[in-house]
Every structure is written in C-alpha cells, then in structure tokens.
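J.: Take 1 as the starting number for the sequence shown in our numbering and just add one per residue.
Among the hints, erroneous ones may be present.
To be verified - Calculated lysine to aspartate or glutamate pairs in the DMTMM-like style (CA-CA distance at most 25 angstroms, straight line):
1) K133 <-> E4
2) K61 <-> E4
3) K80 <-> D29
4) K80 <-> D114
5) K76 <-> E125
Unchecked claim - Taking CB as the label site, the calculated pair distances span:
6) A27 <-> L84: 14 to 24 angstroms
7) P11 <-> L128: 38 to 48 angstroms
8) S130 <-> G41: 31 to 41 angstroms
9) L121 <-> Q91: 38 to 48 angstroms
10) D119 <-> L84: 16 to 26 angstroms
11) Y72 <-> E33: 32 to 42 angstroms
12) A89 <-> Q110: 12 to 22 angstroms
13) P38 <-> S130: 30 to 40 angstroms
These aren't lab readings, by the way, just hints derived from the structure by calculation. Positions of the beta carbon are idealized from the N, C-alpha and C atoms, including for glycine.
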Amino acid sequence: MDVEQFIQQVPAERQELLANIHRIIMANDPSVEVAVEPMMGKEMLIYKARGYMKYGLSSVKQYMSLHVLPIYGSAKLHGKYSALLPGAAFQKGCINFKNAGEMPLEIVAQLMQDCAPIDLLKTREEYLASRPKKSSKKTGN
1 MDVEQFIQQV PAERQELLAN IHRIIMANDP SVEVAVEPMM GKEMLIYKAR GYMKYGLSSV
61 KQYMSLHVLP IYGSAKLHGK YSALLPGAAF QKGCINFKNA GEMPLEIVAQ LMQDCAPIDL
121 LKTREEYLAS RPKKSSKKTG N
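Let the sequences and hints guide you as you build the complete structure.
T.: Shown next as structure tokens:
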C-alpha cells in the first residue's frame with residue numbers, strides 16, 4: 001500500500017486533512033522518507049529519517065494521531081505546541097485530534113519547521129555517549 005492508497009482507505013471526512021498534513025511533513029522536513037507500515041497493531045504512515053521513525057500519521061476509530069518523536073524529548077516543544085493546539089489531546093510523543101479545527105494546518109507547518117532540524121539519531125548517540133560507562137569487569141568465584 002502506498003501513501004495515496006492509505007489516505008483513500010480512511011473515512012472520507014478525514015482524507016483531506018490527512019493528505020494536507022502529509023504534504024506539510026514532506027515539504028518541511030526533507031530528511032524523511034515515508035512508507036505505510038504497521039505500528040501498535042495498525043497500519044500508519046511512518047516517516048523515517050536515517051532509518052529511524054521521526055513522525056507517524058494514523059487514523060483510528062475515534063481520532064487521528066500525529067506522532068512527533070522530536071516533542072517526546074523536548075519539554076520546550078511539547079509545551080509550546082500543547083498551548084498552540086488546545087483542542088488536541090497531547091500524549092508524550094503524539095497529538096490526537098478529531099478534525100481540522102483541533103489541528104490547524106498553519107500550526108502543523110510551524111511544528112514541522114521546528115522539528116525538521118532535529119536529528120533524532122544524533123540526539124540518541126549523544127545521550128548514549130553521555131551516560132556513565134558500565135564496568136565490564138568479570139568477577140571470578
């Protein structure tokens with residue numbers, strides 16, 4: 001299944017919004033490639049940068065979700081966008097919404113512009129390098 005087929009299989013009233021969010025992600029973050037892949041038991045649009053998921057876009061029974069991993073690690077971004085999107089339900093790394101009123105496209109574009117420069121793989125590597133090294137001493141009995 002490709003992106004167009006994925007969008008066509010969601011309820012008609014969601015198709016335009018999801019297509020627009022998809023276009024915004026692709027236009028604002030050239031580091032990502034998109035594919036339809038399973039996650040949490042559902043197929044969704046997965047946007048990967050350097051082989052790692054950066055964003056996800058899904059449509060489930062009661063709402064749609066935009067998974068934004070850069071906000072998971074940034075209290076500043078999480079706080080900024082939870083204030084800018086008061087109608088949406090924020091989780092640690094995803095934003096649940098029911099319609100365009102809860103997810104205005106100009107705010108989505110701003111979110112993508114803020115997240116695009118974030119290299120999650122580099123962030124992870126820096127985090128791992130900063131952790132104390134575990135001792136590899138073996139104890140003999």
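J.: All hints are to be evaluated individually against the structure, with a verdict given for each.
T.: Hint check results:
The suggested pairing of K133 with E4 is violated, with an alpha-carbon distance near 46 angstroms, which exceeds 25 angstroms. For the hint pairing K61 with E4, the CA-to-CA distance comes to about 20 angstroms; that is within 25 angstroms, so the pair holds. Restraint check: the Cα-Cα separation between K80 and D29 comes to about 19 angstroms, which is no more than 25 angstroms; the hinted pair holds. Among the hinted pairs, K80 with D114 is consistent with the structure: their alpha-carbon atoms are about 11 angstroms apart, no more than 25 angstroms.
Among the hinted pairs, K76 with E125 is consistent with the structure: their alpha-carbon atoms are about 21 angstroms apart, no more than 25 angstroms. Evaluation of the 14 to 24 angstroms hint for A27 and L84 yields a pass: the beta carbon distance comes to about 19 angstroms. A hinted range of 38 to 48 angstroms holds for the C-beta pair P11 and L128, which are about 41 angstroms apart. Judged by the Cβ atoms, the range 31 to 41 angstroms given for S130 and G41 holds: they are separated by roughly 34 angstroms.
As the Cβ distance of L121 to Q91 is approximately 22 angstroms, the hint placing it in 38 to 48 angstroms is violated. Between D119 and L84 the beta carbon distance is about 23 angstroms. The supplied range of 16 to 26 angstroms therefore holds. Between Y72 and E33 the C-beta distance comes to about 20 angstroms, which lies outside the given range of 32 to 42 angstroms. About 19 angstroms separates the C-beta atoms of A89 and Q110, a value consistent with the hinted range of 12 to 22 angstroms.
The given range of 30 to 40 angstroms is respected by P38 and S130, whose C-beta atoms sit roughly 33 angstroms from each other.
Of the numbered hints listed earlier, those contradicted by the structure are 1, 9 and 11.
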